[in-house]
Amino acid sequence: MTEMLQYEFMQRALIAALMIGVAAPAVGVYLVQRRQAIMGDGIGHIALTGVALGFLLNTSPVWTAVLVSSAGAMGMELIRWYGKTRGDLALALLFYGGMAGGVMLINLAPNGSNANLVTYLFGSITTVSEEDVTTIVGLSVCVLAVSIGLRRQLFAVCQDEEFARVTGLPVRALNLLLAVTAAVTVTVSMRVVGLLLVSALMVIPVAAAQQATRGFATTLGLSVVFGVVVTLSGTTLSYEADVPPGASIVLLAIGLFVVVTVLATPLARSRARRAAAGAGEGAPEREGAPVA
Amino acid sequence: MEPGEHVEGERAMRTASEPVISLRGVTASLGARTVLRGIDLTVAPGEVVALLGANGSGKSTTVRAAVGQVPVSGGELALFGTPLARFRGWRRVGYVPQRSTAAGGVPATVREVVSSGRLARTRLRPLGRADKAAVRHALDVVGMADRAGDSVNALSGGQHQRVLIARALAGEPELLIMDEPLTGVDLASQRVLAEALRGQKDGGTSVLLVLHELGPLAPLIDRAVVLRDGRVERVDEPERLHDPSCHHPRDTTDGAEPATMIETGLLS
Chain A
1 MTEMLQYEFM QRALIAALMI GVAAPAVGVY LVQRRQAIMG DGIGHIALTG VALGFLLNTS
61 PVWTAVLVSS AGAMGMELIR WYGKTRGDLA LALLFYGGMA GGVMLINLAP NGSNANLVTY
121 LFGSITTVSE EDVTTIVGLS VCVLAVSIGL RRQLFAVCQD EEFARVTGLP VRALNLLLAV
181 TAAVTVTVSM RVVGLLLVSA LMVIPVAAAQ QATRGFATTL GLSVVFGVVV TLSGTTLSYE
241 ADVPPGASIV LLAIGLFVVV TVLATPLARS RARRAAAGAG EGAPEREGAP VA
Chain B
1 MEPGEHVEGE RAMRTASEPV ISLRGVTASL GARTVLRGID LTVAPGEVVA LLGANGSGKS
61 TTVRAAVGQV PVSGGELALF GTPLARFRGW RRVGYVPQRS TAAGGVPATV REVVSSGRLA
121 RTRLRPLGRA DKAAVRHALD VVGMADRAGD SVNALSGGQH QRVLIARALA GEPELLIMDE
181 PLTGVDLASQ RVLAEALRGQ KDGGTSVLLV LHELGPLAPL IDRAVVLRDG RVERVDEPER
241 LHDPSCHHPR DTTDGAEPAT MIETGLLS
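Protein chains in written order, with our numbering: chain A, 1 to 292; chain B, 1 to 268.
Bear in mind the hints are in silico, worked out from the structure with no lab data behind them. Virtual Cβ for every residue (Gly too), placed ideally from N, Cα, C. Misleading hints may appear alongside valid ones.
Chain A stretches covered by chain B per the calculated footprint, using a threshold of three residues with CB under 8 Å from any CB of chain B [stated by the list, open to error]:
| # | region |
| --- | --- |
| 1 | 150-159 |
| 2 | 207-214 |
Every beta carbon over 12 Å from chain B, so not counted as near; a handful from chain A, in silico [claimed, not checked]:
| # | residue |
| --- | --- |
| 3 | M4 |
| 4 | S60 |
| 5 | E162 |
| 6 | V225 |
| 7 | V228 |
| 8 | E240 |
Here's a subset of chain B near chain A, in silico, CB distances under 8 Å, partners left out [what the hints assert, rightly or not]:
| # | residue |
| --- | --- |
| 9 | V49 |
| 10 | W90 |
| 11 | V93 |
| 12 | A108 |
| 13 | E112 |
| 14 | V113 |
| 15 | A120 |
| 16 | D150 |
Full structure from sequences and hints, please.
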């Protein structure tokens, strides 16, 4: 353990893992709330084109990925507004277009091959550079400023969009901001978790947390704790077992989900009983009501 | 300055004369189907107006058009004397949508949902002491204060509806617009709702609400506008509404059936 911390690349990887563990669930909670858990996956596909573009233009793939995936996320948001009837097909075009564009561009790049993409697809702790850490920390702070600072507004928009519009909130601007924030989170996370597994880190800690919570703020807080636990332990495991960190992080997250679900089941039962007992006024309860 | 003072001033300045809602010849379509074929409707300050009519008559579309959620294809629509396109005073409006629209994939407590109604006033700034007090008061009015920390998913249909009404009340609106607040609501919650509405009416709030039948709310309604095929079929004035059996909401709700039975006559 202490030996691991002596390596600079591991220090960098753990800092990156910590930031991602906080940022990914903090944004993911809104996507889950809006029942768009899969959106992060779509952004991941689109980001691949951005990564390849970075190789092609010989600049930092992280920044080109931020630009391309932000544009893609805003495109998905616009499709959600205007193309209600065949929105799913439009999204499919966007996702697979992003994936195919990435593979095409990387092979056009000088010295580029699909092998370059693998570390971005599945994550790699050894490739997190000094410059990457600075970028990851900076972008994560921006992501947290939005997802924590605007939590009431984003909660209202994701909970009941029509109501939020009638309260006069700038719903379109908030939705676009959330889309861009999600895109930034995906690109920040891709070095460690990998583009194909980023979405899991945005969604699974939230899914695990809400097994044990009743409110939005507590779900947000607990999912961030879960996110940090699995990214740090997954990165460590990846070092010890010499496997890509994305895989170990996601499998640990799924394991945590199962454990929390098993532990929370009796808790949920006793809560339902208490709720039924405390209903008052003879209002009929749907859940846990004794059947006469 | 307290957020309330400014609004009180506005309220005093714009008294009586100006309708809070005014629709003139409003038409609207949902997809290819024309739903509103020229609706005329006004709600005066302090007035409680019910929209009645069969399914598909355009009741919900009318109120959703009034809050800017259905694009209007013709006619004039104004809130507080300002054409809807230029209207920015959403903090004066409390909206209770149909219950089906409000469901998130993540648990939320009753207090969190009701607090989001306060955003009409706080916008991007954090909740202050007055905001928290308004949320608490709204929860009290609908009798849900003891459930503030519970998940909304654990509530019955009627309790959930009370939460949505509290959310609208948390913004301390001058105009309440409610889309079918009684649908799927148990009698106990209907009684709570009627009392909450009476409190709002006594405080001078104007109300436009969509109902299937007047039920326990009958004594509170100043005017009932009956829609049919996207047009106003008729307007029922108070004397026709105030059936003697509806004057005592306590009797009718505790007795459990008469009010609703009598009022269904309005719909046929």
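Structure-based check of each hint:
Under the rule that three or more residues need a Cβ within less than 8 Å of chain B, the assignment of the region 150-159 of chain A holds, with 7 such residues. Check on the region 207-214 of chain A: 3 of its residues sit with their Cβ under 8 Å from a Cβ of chain B, so the three-residue criterion for coverage holds. With a cut of 12 Å on Cβ distances, A:M4 stays outside the contact zone with chain B, its closest approach being about 35 Å. For A:S60, the non-interface assignment is confirmed: its Cβ lies about 33 Å from the closest Cβ of chain B, beyond the 12 Å cut-off.
Distance to chain B contradicts A:E162 as a non-interface residue, since its nearest Cβ pair spans about 5 Å, not more than 12 Å. The Cβ of A:V225 lies farther than 12 Å from every Cβ of chain B, with a closest approach of about 16 Å, so its non-interface assignment holds. No beta-carbon of chain B is positioned within 12 Å of the beta-carbon of A:V228; the least distance is around 19 Å. Distance check on A:E240: its Cβ is at least 34 Å (rounded) from any Cβ of chain B, clearing the 12 Å threshold; non-interface status holds.
For B:V49, the interface hint is violated, since its Cβ never comes within 8 Å of a Cβ in chain A; the closest pair sits about 18 Å apart. Evaluation of the B:W90 hint against chain A yields a held restraint, the C-beta minimum of about 3 Å falling below 8 Å. For B:V93, the shortest C-beta to C-beta distance to chain A is roughly 7 Å, which falls under 8 Å, so the interface hint holds. Annotation: B:A108 was flagged as interfacial toward chain A, and the flag holds, the nearest CB pair being 4 Å apart, inside 8 Å.
The beta carbon of B:E112 is positioned within 8 Å of a beta carbon in chain A (closest approach about 5 Å), and the interface hint is therefore held. With 8 Å as the threshold, the beta carbon of B:V113 comes within range of chain A, its nearest partner Cβ sitting at about 7 Å, so the hint holds. Hint status for B:A120: holds, given a least beta-carbon distance of 4 Å to chain A, under 8 Å. Interface restraint check: B:D150 against chain A, minimum CB-CB distance 6 Å, threshold 8 Å, status holds.
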